[in-house]
Amino acid sequence: MRSLTFRGVSVRFGHGSHAMTAVDGVDLEVPPGTVVGLVGESGSGKSTLARAAVGLVPPSSGTITLGDTEPGNPRRFAPRLARPRHIVASPQARRRRQPVQMVFQDPFSSLDPRMTIGESIAEALPRRRDRHAEVRRLLQLVDLDPGRSGDLPTGLSGGQRQRVALARAMAAEPEVVIADEITSALDVSVQGAMLNLIRDLQRAHGIGVLFISHNLAVVRYISDVIAVMYLGRIVEIGPAADLLSAPRHPYTRSLLAAVPRIGSTLDDESAADGGGWRADILDAGPPDPHQPPAGCRFHPRCPIGPLAFPERSDCIEVDPAADAPARPHRAACHYVTDAPADRSVGRT
Amino acid sequence: MHRRQWMAALRTPVGAVAAGLVAVLVVLAIIGPAIWGDAAGTTDMGSINAPPSAENPLGTDALGRDILARVLVATRTSLGLALAATAIGVTIGLVLGTLPSVLGRRSGRAVVTLVNFLVAFPGLLLALFFAAIFGVGARGAVAAIGLASAPAFARLVQTLSATVAGRDYVAAARIAGVGRARLVGRHILPNIAEPLVVSATTGAGAALLAFAGLSFLGLGVQAPTYDWGRLLGEGLSHIYINPVAALAPGVAVVTAGLAFALFGEASAAALGLRATRAPVTPRPPVEGLAWAGGEDSDVGTPPEDVVLDVQNLTVAFGAGAGAVRAVDGVSLTIRRNEAVGLVGESGSGKSLTALSVAGLAPEPAVVAADRLHVNGCSVLGASDRQLATELGTSVAVVFQDPATSLNPSMRVGRQLAEVVEEHEGASRSAALAEAVQRLRSVRIPAAQRRATQFPYEFSGGMRQRAMIGMGLMGQPSLIVADEPTTALDVTVQRQVLRLLRDVQRETGAALLLISHDIAVVSQMCERVAVMYAGRIVEELPVSDLMNAAHPYTRALLASVPDMSVDLERELATIPGQPPEPARRPVGCAFAPRCAFADEQCTAEDPPLAELAAGRHAACWHPQTTVAVPEVAPSRMGGH
Amino acid sequence: MSQALEPAPPARYVGAVPTNPWVRFLARRLGRLVLSLYVVVTASFLMIHLVPGDPVRAALGLNAPPDLVAARRESLGLNDPLLTQYADYLWGVLTGDLGTSMISNLPVATIIGDRLPSTAALGVLAFGTVMLIAIPLGLGMAVLTRSGRRRGSELGFTSTAASVSAIPDFLLAVGFIFVFGVTLDLLPVAGRGGPESFILPVLALALGPALALSRILRVEALRVLGEDFVRTARAKRLRVRRIYLRHVFPNALTAMLTIGGLLLGAMLVGTVLVENVFAWPGLGMTIVSAITQKDYPLVQGTILVYGAAVLLLNLLVDIMLALTDPRSTIRES
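Chains as they are written, first to last, in the working numbering: chain A, 1 to 348; chain U, 349 to 987; chain F, 988 to 1320.
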């Protein structure tokens, strides 16, 4: 098993004055056997990053590698996509292994309505082995009745479809699986089963998982490492428990404070740490991805930024992403804080 | 599956008629010339342009030939040429349409631009263009019409292919390494085949009409060959002498064209492709609701500060024995300054309850209740006029999807101003000024400028705040918020919830908050009611949530991962699914999924009983002894 | 809430409006129009060269004396290199010289100039008729049949409209001639005369598209009735009339614009057929006789005129779309 490594990956859409940088200079690693949670709100670029990892969207710069070699190139197909320069198509292998697989968010469009679920799964199998047996094995792996391999997707519930999608991803014998908001469309009572399943599969097969979600509680449950994205950048990354109990970046802190919890109130707890945490600044309008703010991208909404402390002009002038690796949790902030342990977040 | 749908299409009256007509046409085309060929060709200079008679039911033409025979024989030519032209159009269209999916980016875009350019011109113009090039005659006309219809097909194929290519399952196949050819053949074509066939059928009808037109003009088939169009042209010059000669081929053309068009429409409707009928989505009518009888029983007068008084609310679809009750006997009381949350999963009936309370239940729904009072006035059975005068603006509603809840083509300021223009007779400028004020009060920066903008220029959170502002334009005593933050980011959600809370405090209004997220409700409300399968199964103060008694509430609380869940254990889950309203089991609706269910549970439906002050639960075995534990961890599949 | 938080530079936030979007939009559209016109001109130029065989011989007949054919070729400039012909043609179009008819020896531009007004009059009147019929009918039927009311009327309306609009314009024309001309002798059926001579041709042209459009409009209006924002308007307890006039109808009409444009474009070209039925002295008769007689310069000229008319109509539709849908101008930029 190898690591999936993003080095300086940027993804730009459009051109000229209408260009939008959805992902900007991201460095990330998904080591084998690790679950890396990627959180962010809309416009953070997390989904774009995921699609770049599987080759659906070409990175404008930077590299995405598996181990030290480039992963297999999925056939260029969609009309709007050009060949990415960094991934070289291998001419001899028609059906090479595709070691990076993805499970999508919407269970109702992830399966071809005209193929049986057995056929959908079999399509991802690397070799023309004994397809039947393989399909049955995979269905059992995701706790579905193998006898249903001849069924069409129309009869299945959302949770069941997600399991089929997972079986299809596992069929390709992946080293890394990217889960893009796979539980967001599921009912709460079904969500748990899916998360348990992912966790078990990952541990049993030593797969690396990049788990993308906007739901912090879900990410907390399943991840070993958590990375926080804002406006195309990773603003903080660290071990899950550590990051959640002692977040360094003000955005992470705001995010954590905003998660509704039973027994908490809407008023700020973080005000308790004194030191002028201006939570109201966060309420300023969301960022426009077409025109990212200068300097630190979070500064117009930052509760400890220049709008709270006018003397902190370096937030507007200097981009803290440059020397982020030197700070704890690689936080992209000039004023990294050591927040006191958040009482309501339990340790393992 | 698909065969069944086609069969269903044939069973509708339109479909059956159309199919029958098409069958007749095909038969005529095949056997026509054999049977009537001679009669059609025999000239009789003795009786030219004769009116209808026993011998010649439709009369004769300028050379004494029997018109009826000629019309029948012309079926083959007309149909055959039309089908040939359609075949050409569809083939070229298919190639041009799938080309962008197969080619690279630049060439693909060039093809798309070309097709878009051609599509802008009406088919007849293109046909005339090609007819001028290829010259008159059947072959030239077939080529002309075929080429003229190709861009429209290409455009359709392009659009359909692009939609399919954008779906996740195609992306998944690409990631799995599936090759281009197989992607087109295995995923794209099968998924566009049906709409394409329907389109081809309608296209055949159009080609038939186009051919008739060309031949009528003299640009189509030339003598001695004849088709309906040519017959029409010949007949027109003698219309005063023997009008039937012109009308008969006309009728034939119309019938054939209609047959194809109707068949296409019937298939499209059967396959669910086109909304030829009015969409009957459950939506509130614009005025007047079908409130059921439900005589307003005055079961005692509630205290003065009760804003919302609901007793035994039922919302049903359909009538009589087969009626499905989506909401079954819900009772709620909310006072001034009080916030009550309604929690449930999809299908629990919570949204419908909220909408009914606000008088916005979708039209097919039949709403009944023992009592449904807002501010003391009965909402049941009131007409729209009455509701407007009595309730005025006392009920403010915030809907779930901020993207679609505002009129996209009206400026935001005006949408707010409308409320006071209507209810307080304010002048336009005064109303707008108040709207700007309101926008400011809901913390929308640069309110003056924002008021002149359209909803699409607002972000999601801002739209929700504008909706709240809109509700505040009046003097609401009740705010109904239906999943107001589900579609928003979590930081924006907090902002909107805080605003809602502040608004409630300032106005002293009552708040009914609907959500699937218990945590959100616990932050905002004092009391929470949990709904399952159309009923309230538990009602308790938020502060007491950890001591919930009903097994469903407990299971719900246990299965949601929150920030303090033990990471070592597996997440609790609730096996099975909530029942559909039409298939509610006898007895307690939760029994099939409940760990504590016994025979009594499956036999009898527990009533909502009081366990303690302010706490009710509908359960035969309420779990009152222990605080919420984890439900036995399971990873049950099959759901 | 502190007022100091009002953001100063709007450029960073959603909803910023850079330069005047209208100017940019119009410039783009007009540019596209010019480009499309250029393509149409080129296509009509190429027409004579795409004809299999010799176009001059085809026009003059196979038995024409060779020196006549040669002289004609020369006068049409067909012996010059292709690019020279192309340049000459483009220049001619720009200066209003569309060549000379091979059959009548008159300048094409003159012929077109004579015949165009009749077609234009027909087209404009038909357009007006379509709008006058379709909009009230479609919107009215939507209000009457909403939420499944009056199923009978709905069925009657949709089937009648479907059937009649399925009848092509020239067949409607023949039918009208039969009913109003032959049988009732009520209205003139040939040639252009006084105002009553307009009635049948306009009706034949407009009836089909009007009914088709009213069907579509009804479906669109009903769809809009089901939209969330109408529910919001209802929640505001606005008067019914206001909800329809301010919220439902404008959005329904906007949704109908695109397909309305297509129908009108088809109707425009439909004048060719209807004119030939009623012997209406317009471009329709010109183009048919020109094609039959292989009078290529005349064909080129008339195709050019029709093509340009369609492009102008599309531009109008686009402008109307931009006016009514606030998003469209921004989408362009």
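Warning: the hint list may mix true and false statements.
Said to hold, decoys possible - A partial selection of chain A residues facing chain U, derived with a Cβ cut-off under 10 Å: (1) L111; (2) E119; (3) S189; (4) D280; (5) A321; (6) D323.
Said to hold, decoys possible - Across the chosen pairs, the derived CB separations fall in these ranges: (7) U:G514 x F:T1279: 29 to 39 Å; (8) A:D267 x U:Q796: 25 to 35 Å; (9) F:L1303 x U:P361: 53 to 63 Å; (10) U:A751 x F:L1081: 45 to 55 Å; (11) F:M1307 x U:A751: 52 to 62 Å; (12) A:R12 x F:P1268: 29 to 39 Å; (13) U:A975 x F:L1232: 49 to 59 Å.
Said to hold, decoys possible - Derived list of chain U stretches under chain F, where covered just means 3 residues or more per stretch with a C-beta under 8 Å from a C-beta of chain F: (14) 423 to 429; (15) 561 to 572; (16) 866 to 876.
It should be emphasised that the hints constitute simulated quantities derived from the structure, not laboratory data. Since the model is a prediction, treat every value here as computed from it, not as a measurement. Idealized CB from N, CA, C, for every residue including glycine.
Now the hints, each set against the structure:
Checking L111 (chain A) against chain U by beta carbon gives a least distance of about 5 Å; that is within 10 Å, so the hint holds. This hint holds: E119 (chain A) has a C-beta 9 Å from the nearest C-beta of chain U, less than the 10 Å allowed. For S189 (chain A), the suggested interface contact is upheld, since its CB lies about 4 Å from the closest CB of chain U, less than 10 Å. A cut of 10 Å between beta carbons decides the hint on D280 (chain A): the least distance to chain U is about 9 Å, and the hint holds.
Of the supplied interface hints, the one on A321 (chain A) is violated, with its beta-carbon coming no nearer than about 20 Å to a beta-carbon of chain U, more than 10 Å. With 10 Å as the threshold, the beta carbon of D323 (chain A) stays out of range of chain U, its nearest partner Cβ sitting at about 26 Å, so the hint is violated. Here the CB-CB span from G514 (chain U) to T1279 (chain F) is close to 48 Å, at odds with the stated 29 to 39 Å. The hinted range of 25 to 35 Å is satisfied by D267 (chain A) and Q796 (chain U), whose Cβ atoms lie roughly 30 Å apart.
Between L1303 (chain F) and P361 (chain U) the beta carbons are some 40 Å apart, a value that contradicts the proposed interval 53 to 63 Å. Our hint of 45 to 55 Å for A751 (chain U) and L1081 (chain F) holds, since their Cβ atoms are close to 49 Å apart. Distance hint check for M1307 (chain F) and A751 (chain U): the Cβ-Cβ separation is about 25 Å, which falls outside the suggested range of 52 to 62 Å. For R12 (chain A) paired with P1268 (chain F), a C-beta distance near 60 Å fails the hint of 29 to 39 Å.
Between A975 (chain U) and L1232 (chain F) the beta carbons are some 58 Å apart, a value that agrees with the proposed interval 49 to 59 Å. Closer than 8 Å: that is the beta-carbon criterion, and the segment 423 to 429 of chain U has 0 residues meeting it against chain F, so the requirement of 3 is violated. Only residues whose beta carbon comes within less than 8 Å of a beta carbon in chain F count, and the segment 561 to 572 of chain U has 5; three or more means the coverage holds. Check result for the segment 866 to 876 of chain U against chain F: violated, 0 residues qualifying (beta carbon to beta carbon below 8 Å, three or more required).
When held up to the earlier numbered hints, the structure conflicts with 5, 6, 7, 9, 11, 12, 14 and 16 and fits the remainder.
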